Amino acid sequence: MMRNMRYKKPVDPFEEMSFDGAEEKIEFDDFNLWYGDNHVLRDVDLEINASMITAFMGPSGCGKSSLLRSINRMNDLIPECRYEGEIEIDDVDINGPDVDVYELRKRVGMVFQRPNPFPTSIHDNVAYGPRIHGITKGRELDQVVERSLREAALWDEVSDRLGDSALSLSGGQQQRLCIARALAVEPEIILLDEPCSALDPIATTKIEALMRRLKEKYTVILVTHNLQQAARVSDMTAFMYLGRIVEFDRTREIFENPREELTENYITGKFG
Amino acid sequence: MSRPLDIGLSQIKTLLLKMGKLSRDAIALAIEGFHGREDVHVQTRAWSNTLLILSEEVEYVATEMIALHQPMAGDLRTLKAYIKIAYDMERYGRYALDISDILLRLGGWGEFEEGCLTVEEMGQRVLEIVDISLRLIETMDESLVWELSKAEAGIDELYLQNLSALVECEGVNHKTIIANLLTVRYLERIADHASYIAESITYAATGKRLELR
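Going line by line, the protein sequences match chains A and B.
Numbered by the numbering used here, the letters in the first sequence go through residues 1 to 272 in order.
Numbered by the numbering used here, the letters in the second sequence go through residues 1 to 213 in order.
Accuracy of the hints is not assured; some may be wrong.
[To be verified] Computed list of lysine to aspartate or glutamate pairs in EDC-like fashion (alpha-carbon distance at most 16 Å, straight line):
#: 1; chain 1: B; residue 1: 80; chain 2: A; residue 2: 256
#: 2; chain 1: B; residue 1: 208; chain 2: A; residue 2: 186
#: 3; chain 1: A; residue 1: 270; chain 2: B; residue 2: 131
#: 4; chain 1: A; residue 1: 215; chain 2: A; residue 2: 23
#: 5; chain 1: B; residue 1: 18; chain 2: B; residue 2: 147
#: 6; chain 1: A; residue 1: 106; chain 2: A; residue 2: 200
#: 7; chain 1: B; residue 1: 13; chain 2: B; residue 2: 59
#: 8; chain 1: B; residue 1: 150; chain 2: B; residue 2: 138
#: 9; chain 1: A; residue 1: 215; chain 2: A; residue 2: 151
#: 10; chain 1: B; residue 1: 208; chain 2: A; residue 2: 151
#: 11; chain 1: A; residue 1: 217; chain 2: A; residue 2: 188
#: 12; chain 1: A; residue 1: 206; chain 2: A; residue 2: 164
[As the list claims (entries may be wrong)] One-sided excerpt, in silico: chain B residues whose CB lies under 7 Å from chain A:
#: 13; residue: 73
#: 14; residue: 74
#: 15; residue: 75
Quick caveat, the hints were computed from the structure, so don't treat them as lab data.
Small disclaimer: the values here were computed from a predicted structure and weren't measured.
Here a beta-carbon is modelled for each residue, glycine too, at the ideal position from N, C-alpha and C.
From just these sequences and the hints, can you work out the full model?
Okay, structure coming up:
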């Protein structure tokens, strides 16, 4: 039939997800970070929305973990670390003089690459944070532990053995316990630093399903080397290289039709 | 250093070019057979079947590449385009077979008054557009997309003209009408698949979803 050339609007399954109207949670404004003379983050401008999973990906040494650790000021623990620029959470500069870093880390929970439960019981691992923050009554504490374990999709597997050592759990269960421990203090943001790199595919699937559930309530930020994992679970993806954000876009765009040649070369394995 | 994915993509491209040559030959033979009332359906059937087998081979290699190498970005788009193009090629072959089957089904037909229909010109133009689509696959030269689009519009125009002529003709043997009607329809569909190939190549090369209609 007779035709006219035009570009058609792609069918986008995420179209109804209004990124424009999404609530901004974290904003990096011209942020730079140094470890001594090593300039690890350069001119980072980034807006991260609430109730989404945002992935930071890039080759080793690109600065993705440093960027993640800047959000809860974990870099403060590194000697000779200094920064310029701002990071705001809910429009408040987290490096401002009035910010209580312990309060900040309560709002911004973190889960690391290798599961790191305390050598205590399952119950006490989850109860640790709330106890520090003043919840001491047994019943109230038990409720927090149950809620956190349920949110971390672990309750059904451990509810009859809360007194057992956390170290008796499998790797995947230990990682979900660490997520439950982070959730117990009711954070707003969850930082996940390669949370599945030490896990088998089944445990990885469970953690990824958990991430998708968590984004309904929390802002989730994920650092991953695993491109397929970023593609599977994140809504937005930032590709980093040599301390800079090269491209930040909807995950589908990044993986199907990236704007930058550097991104294309990285995700198609044509790098280096 | 070549990536395993490059080897697979190159393997598929070679298959597509082979399919392209085969389908082009099939269409040319079917058109020739139609105008000369020559029975060529055994040959076109054999080629059409080969195209089907090659199309399945493309799908097999592509699936293997998805399973083993998880292609992304340009690789993913190219692979998706190649799978669609293999189908378009298979359709080229199928329409060639359909044209050659007309003689088998009708046994023969008469002639229209000279100048009344432009089926011969349409056949020539269809071969040209098929050639453009094959050059597109080989070169991924986007400028050919515009050339193809123009050629396709011309074929559509001829199709509509022939359709009107067939509707309005009087005193013509019904087999003659059916034979020509089916042929112009099949030729028009071949041109449509050439457009789909252009859309696929554009998507693979640029990520843009083009619609040539």
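Structure-based check of all given hints:
no., hint, result
1, B:80 - A:256, "11 Å, holds"
2, B:208 - A:186, "44 Å, violated"
3, A:270 - B:131, "32 Å, violated"
4, A:215 - A:23, "13 Å, holds"
5, B:18 - B:147, "23 Å, violated"
6, A:106 - A:200, "29 Å, violated"
7, B:13 - B:59, "12 Å, holds"
8, B:150 - B:138, "20 Å, violated"
9, A:215 - A:151, "11 Å, holds"
10, B:208 - A:151, "41 Å, violated"
11, A:217 - A:188, "8 Å, holds"
12, A:206 - A:164, "22 Å, violated"
13, 73, "5 Å, holds"
14, 74, "6 Å, holds"
15, 75, "5 Å, holds"
Checked against the numbered hints given earlier, the structure breaks hints 2, 3, 5, 6, 8, 10, 12 and satisfies all the rest.
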